[in-house]
Amino acid sequence: MAVALKGGPVASALTEKTIALAGDLAARGVTPTLAVLRVGERPEDMSYERGAAKRCAAAGVIVRSAALPEDVTQEALMDALEALNRDESVHGILLLRPLPAHLDGEAARRALRPEKDVDGVTDGSLAGVFTGSGRGFAPCTAQAVVEILDHYGIGIQGRRAVVIGRSLVVGRPAAMLLMARGATVTICHSGTEALPEITRQADILVAAAGRMGMIGPEHLTPGQTVIDVGIHQDPETNTLRGDVRSDAAEPIAAALTPVPGGVGAVTSAILALHTAQAAKRQL
1 MAVALKGGPV
11 ASALTEKTIA
21 LAGDLAARGV
31 TPTLAVLRVG
41 ERPEDMSYER
51 GAAKRCAAAG
61 VIVRSAALPE
71 DVTQEALMDA
81 LEALNRDESV
91 HGILLLRPLP
101 AHLDGEAARR
111 ALRPEKDVDG
121 VTDGSLAGVF
131 TGSGRGFAPC
141 TAQAVVEILD
151 HYGIGIQGRR
161 AVVIGRSLVV
171 GRPAAMLLMA
181 RGATVTICHS
191 GTEALPEITR
201 QADILVAAAG
211 RMGMIGPEHL
221 TPGQTVIDVG
231 IHQDPETNTL
241 RGDVRSDAAE
251 PIAAALTPVP
261 GGVGAVTSAI
271 LALHTAQAAK
281 RQL
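Once you know that position 270 of the sequence shown is 270 in our numbering, the rest is easy, because the numbers rise by one and skip nothing.
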């Protein structure tokens with residue numbers, strides 16, 4: 001039976017780091033501050049914002065909500081972003097996406113200042129991940145994959161890792177972070193031929209394809225560590241499920257992140273830590 005790699009202990013350890021850093025900054029008269037820019041009132045956006053605010057508050061990071069109406073114009077959105085870019089009391093900016101269809105999300109993403117981009121969405125931040133320069137911040141969910149492995153003492157150096165998913169939000173940056181730590185990485189996706197043959201060769205399998213229950217027993221082999229990034233609302237059971245069929249994976253894998261309570265629990269803790277680190281860099 002697979003060991004459950006719960007996110008709660010990882011998030012708590014990261015929060016302790018943030019508390020210590022926030023305390024050092026407070027002694028210098030600085031309070032780390034995150035601005036959450038939200039357009040409209042999508043339930044999932046508001047839920048994520050509440051969760052992030054709770055985690056940040058526990059870590060000594062202030063969260064300021066900047067909410068815009070659903071029908072906001074592109075000009076007004078860009079003005080709001082620029083105001084936050086210029087506000088020296090704001091150290092990190094989280095732009096909740098996707099934006100409504102009438103808005104140019106790419107233009108908004110590119111408008112963020114990389115030094116305030118604490119969720120690693122700008123080209124400058126991603127360039128830092130792909131080049132290993134250390135500039136900017138990695139996407140929080142991608143970094144959560146590595147933080148979980150480190151917390152539970154699962155070695156990365158020399159291991160074979162397979163990442164299913166090629167998005168710039170999780171898949172590709174997670175692959176780069178694992179490669180930077182010495183893993184040999186293969187990136188796959190939903191269209192990869194003979195996918196089970198590839199995934200069974202992995203020591204570390206990261207499922208980030210965004211398809212509920214895509215990974216079953218045919219993709220797994222005993223002894224693997226499986227990181228399930230997916231989170232979906234199952235319409236039949238009204239429960240949360242991941243990309244991995246956990247009931248099938250638990251008897252096979254050596255270790256598995258639960259859904260919920262796995263990767264998602266770590267992401268907001270990393271967001272708080274990034275905000276405190278951004279505040280320190282901006283001094």
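Think of the hints as simulated: they come from the structure by calculation, not from any bench. For clarity, every value in this text was computed on a predicted model and none was experimentally measured. Treat the hints with care, as some may be off.
In silico DSS-like cross-links for lysine-lysine, where the CA-CA straight-line distance does not exceed 25 Å [unchecked claim]:
1. 54 / 6
2. 6 / 17
3. 54 / 17
Restraint ranges, calculated between C-beta atoms of paired labels, are given here [what the hints assert, rightly or not]:
4. 107 / 251: 45 to 51 Å
5. 283 / 248: 45 to 51 Å
6. 42 / 282: 37 to 43 Å
7. 101 / 23: 22 to 28 Å
8. 13 / 47: 21 to 27 Å
9. 42 / 13: 27 to 33 Å
10. 31 / 78: 39 to 45 Å
11. 9 / 282: 29 to 35 Å
12. 158 / 70: 47 to 53 Å
13. 182 / 44: 23 to 29 Å
14. 200 / 107: 39 to 45 Å
15. 87 / 127: 20 to 26 Å
16. 73 / 182: 43 to 49 Å
17. 153 / 20: 31 to 37 Å
Heads up, the beta-carbon is just placed ideally off N, CA and C, and yes, glycines get one too.
Structure-based check of each hint:
1. 54 / 6: Holds, at about 19 Å.
2. 6 / 17: Distance ~18 Å between residue 6 and residue 17 Cα, so the pair holds.
3. 54 / 17: With a Cα-Cα distance of about 16 Å, the restraint between residue 54 and residue 17 holds, given a limit of 25 Å.
4. 107 / 251: 45 to 51 Å: holds, 48 Å
5. 283 / 248: 45 to 51 Å: holds, 50 Å
6. 42 / 282: 37 to 43 Å: The hint (37 to 43 Å, Cβ to Cβ) is violated, given that residue 42 and residue 282 are roughly 30 Å apart.
7. 101 / 23: 22 to 28 Å: violated, 43 Å
8. 13 / 47: 21 to 27 Å: Once the Cβ atoms are compared, 24 Å apart, the range 21 to 27 Å for residue 47 and residue 13 holds.
9. 42 / 13: 27 to 33 Å: About 31 Å separates the Cβ atoms of residue 42 and residue 13, which means 27 to 33 Å holds.
10. 31 / 78: 39 to 45 Å: violated, 27 Å
11. 9 / 282: 29 to 35 Å: Between residue 9 and residue 282, where Cβ atoms are some 30 Å apart, the hint holds.
12. 158 / 70: 47 to 53 Å: holds, 50 Å
13. 182 / 44: 23 to 29 Å: violated, 36 Å
14. 200 / 107: 39 to 45 Å: Cβ of residue 200 to Cβ of residue 107: about 42 Å, so the range 39 to 45 Å holds.
15. 87 / 127: 20 to 26 Å: The hinted range 20 to 26 Å holds for residue 87 and residue 127, with Cβ atoms some 24 Å apart.
16. 73 / 182: 43 to 49 Å: holds, 48 Å
17. 153 / 20: 31 to 37 Å: violated, 22 Å
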